[in-house]
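Dock chain B against the given chain A, drawing on the hints supplied.
These protein sequences, in sequence, are chains A and B.
The opening position of the first sequence corresponds to residue 183 in the numbering used here, with each subsequent residue numbered one higher.
The opening position of the second sequence corresponds to residue 1135 in the numbering used here, with each subsequent residue numbered one higher.
Since the hints were derived computationally from the structure, they do not count as laboratory data.
Everything numeric in this text was worked out from a predicted model, so none of it was measured.
By construction, the Cβ of each residue, glycine as well, lies at the ideal position given by its N, Cα and C atoms.
Just a sample of chain A residues kept apart from chain B, beta carbon distances all over 12 Å, derived:
(1) HIS369
(2) LEU511
(3) ALA539
(4) ALA613
(5) HIS727
(6) GLY760
Here are the computed lysine to any residue pairs in the SDA-like style, where the Cα-Cα straight-line distance is at most 25 Å:
(7) B:LYS1312 to A:THR382
(8) B:LYS1185 to A:GLY213
(9) B:LYS1292 to A:THR618
(10) A:LYS585 to B:ALA1217
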Amino acid sequence: MPRPPLRLGARAGSRPHDADSIPDDPRDLAGLSIERLMQIDVVVGASKFEQRTSQAPASVTIITAEEIRRYGHRTLAEVLQSVRGFYIRDDRNYTYVGLRGVGRPGDYTTRILVTVDGHRLNSDWFDGVYFGSGAAIDLDVIERIEVIRGPGSCLYGTNALLAVINIVTRSGSDVDGARMAVGAGSHGTWEGRVIGGGGTGGGAGWLAAASILDSRGQRLFFEEFDDPAGNHGVAEDADGDESYRLFASASAGRFRFQAGHASRTKVIPTGSFGTIFNDPRTHTVDSHSFADIQYTRPLRMRGELAARLYHDRTYYHGTYSYDYPPPTLFKDYGRGYMLGTEIRALIRPTERQTLTAGVEHRRHIRLDAIHLDDAPRFVYLDQFERDWDWGVYLEDEIRPWRKVSLSVGLRHDRYRSFGGTTNPRAAIIVAASEATTVKILHGRAFRAPNAYELFYMGGATGHKVNQDLGPEGTTSSEVVLERSGRRTRYSASVFRFHAEEIINLLTDPSDGLLYFDNVDSIESRGAEAEIALLAPSGAEARLAHVWQRSREGPGSRPAFNSPRNLAKLSFWAPLAGGKLGAALQIHHTGARRTLAGRQAPSTWLAHLTLASREIAPGLSLSAGVRNLLDRRYGEPGSEEHVQDVIEQNGRTVRAEVAWRF
Amino acid sequence: VALLRRRAARALLAGALAAWTAAAAAAEPPPGGQPSLEYQVKAAFVFNFAKFVDWPADSFDAATAPIRILVVDCEEVAEALEAAVEGQQVKGRPLVVGRAGAGDRLDDAHIVVVGRSSARKPEEILARLGGAAVLTVGDGGGFAARGGMVNFYTESNKVRFEVNPAAAEEAGLRISAKLLGLARIVRDGGREEP
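Looking at chain A on its own, in the form it has when it is part of the complex (with noise of 0.2 Å):
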């Protein structure tokens, strides 16, 4: 019987820095009006402490509150589709980000880090991250959203291999008081949300935050399944959508504590993994919490000790209704209990020297995989793991003449499974101009197997382990050339990523089982481009385009869902004196290989919003219209699905009414 496989569902201080352009002369920097100086800007994921932009030894995009609110995105898979090199596949039921022309099937984006705060996201069960409604954080939450392309396991460990996304929450004087917000949209979308938060200038604060999301979804016709049998291909009241998210955080001296509590139920239209098609008991659930509490005390030497320790719970179920004959629910459960640790130190022994190094350990106290099924019952799996793994990195960062910083990193990870794993990063960063920055970047990253890849296992699930599976590798270089004036902005870049030893899931002839092993490869090459213009009203362009070739496996095959062009073009002006602000944006994601080899056409897109400052006092409102020109459009299905291509929302509407209070 064919079963499902298991689906899891500043440097505060010693140099100038900014988004753009911050000199380095003080004197320079004094002649900075006071709204500039307000806004020195900072990433802290790059090298894991603070610095400037332009400094960081990575291509980053930041997305900031005001910009999730001017385009009215609504999920970090739509902030994602409007930043260079992002594209989308979503299956009607979870969200997928590709990213430099890698998007493989039945892959749960587990090759890009997400980070809040520093506390990764994805998930130790199945090692993926939920972009979609079952993200885990709410975007009303979210300060600002750093996007670090290239490998980052030299400073994160496991996952970094295409980019690390890191998620910095607002603090609570920040929100300083209460809003709420009650949203609707097209095919039955509901949408509440509530945020409150407080603090003092000294430091202390606390924010809480919920959210709630119901969606009916849509009445969907597949013609793989036209026929009587399949309710002649529509699928009714089965993409139903509902969730909620919780998060709170308060810090106060040198303590800072964060939780969140995110869970999903999703019903299946597609009829995936041989499911009796439009039965709308077939559903995932998928939930996320977490909770993180940090230590900071200033060190000597302008330097910084953080220690921080965490955990983190996922657990899914899914239920998946088959007739064998007979009828029956097959259900299917992961849960993961992690507990880790990480202790970071940083100093700046010289004013033109900064070190950073850690250790960082991981505890899955439990793993659990259980797969039966309910009517008769008949138990395939009931597993329970432990595992471990932990990691050492050293990070280097000195400016031996004043325009270059050479940078280097390291970080060596011990997994319980397969041994170690070492990968550096090395960046040349020069200062061409007090504009323009060149940027030579070089490492090598890595993926550990997953619980799913390295425990699912027994007869009665038709799969069996292997012992030798390894961890997926890879080597990226980047050259970057950024140049950011008053008014404008440019930056260009060269990729070449190569991964090798990836996962796939293959059968073994001999007996018939499946299993998994360090078989694939990919090879991708590319270039990117982006403008950037801002006019004196404050109305902004952005236009990038991305071009890139991918290709994969041992025949060197062009790439599963792996769009050669990519074009965000992204307009926002404001109307009305200020009060209100338009926002226009274009998405083209070329056409993409189906797993049938055949193409996912090429797309354009278009979504318009329009948002309100305050018009009374207190009270704002925003309106949206995604897919403006109702474009028929599809994305490519995996393995688990008969289609080849699945068919995405056509024009949906959406509004929303938000107090401050």
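Chain B in isolation, oriented as in the chain A frame:
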């Protein structure tokens, strides 16, 4: 051959390490060291404040008399300020930076910048000023809520400031609406909505 290759790799590694150490050693700080960015930004703020504050006419001896800035208890701000104001002018006046010790006069300055530890106990400084027309700027610790005029705080890695307009008014200083618009407004004893 494998042995040779390993030796070559080791030699290369050792060479790279040596070069790195040499480069790190060569990365000497500029003479005198440079204040951290946080203080450079704060110094730039202080310089900007001078543009948005009007002192009573009798505060200056002459039309081109310098704006005197005294720094209490914060060497980093003093250094950053010296670097920032060098050669600069505000409304035709040069700026001079001095440091004030425990017994020094403060009331002949135009701006007094109070370092973090003294800003926590503003009463002593304010008593020494005796209500003179001096812009008082504190580095944290609720300075403005306790009788000071301007106070720095950090929020999400950015330097922000709060202003106590009543305290400035009492001393005969006029702070421009623009500056007030960018500040978080506080009163003696507590905070107020911006």
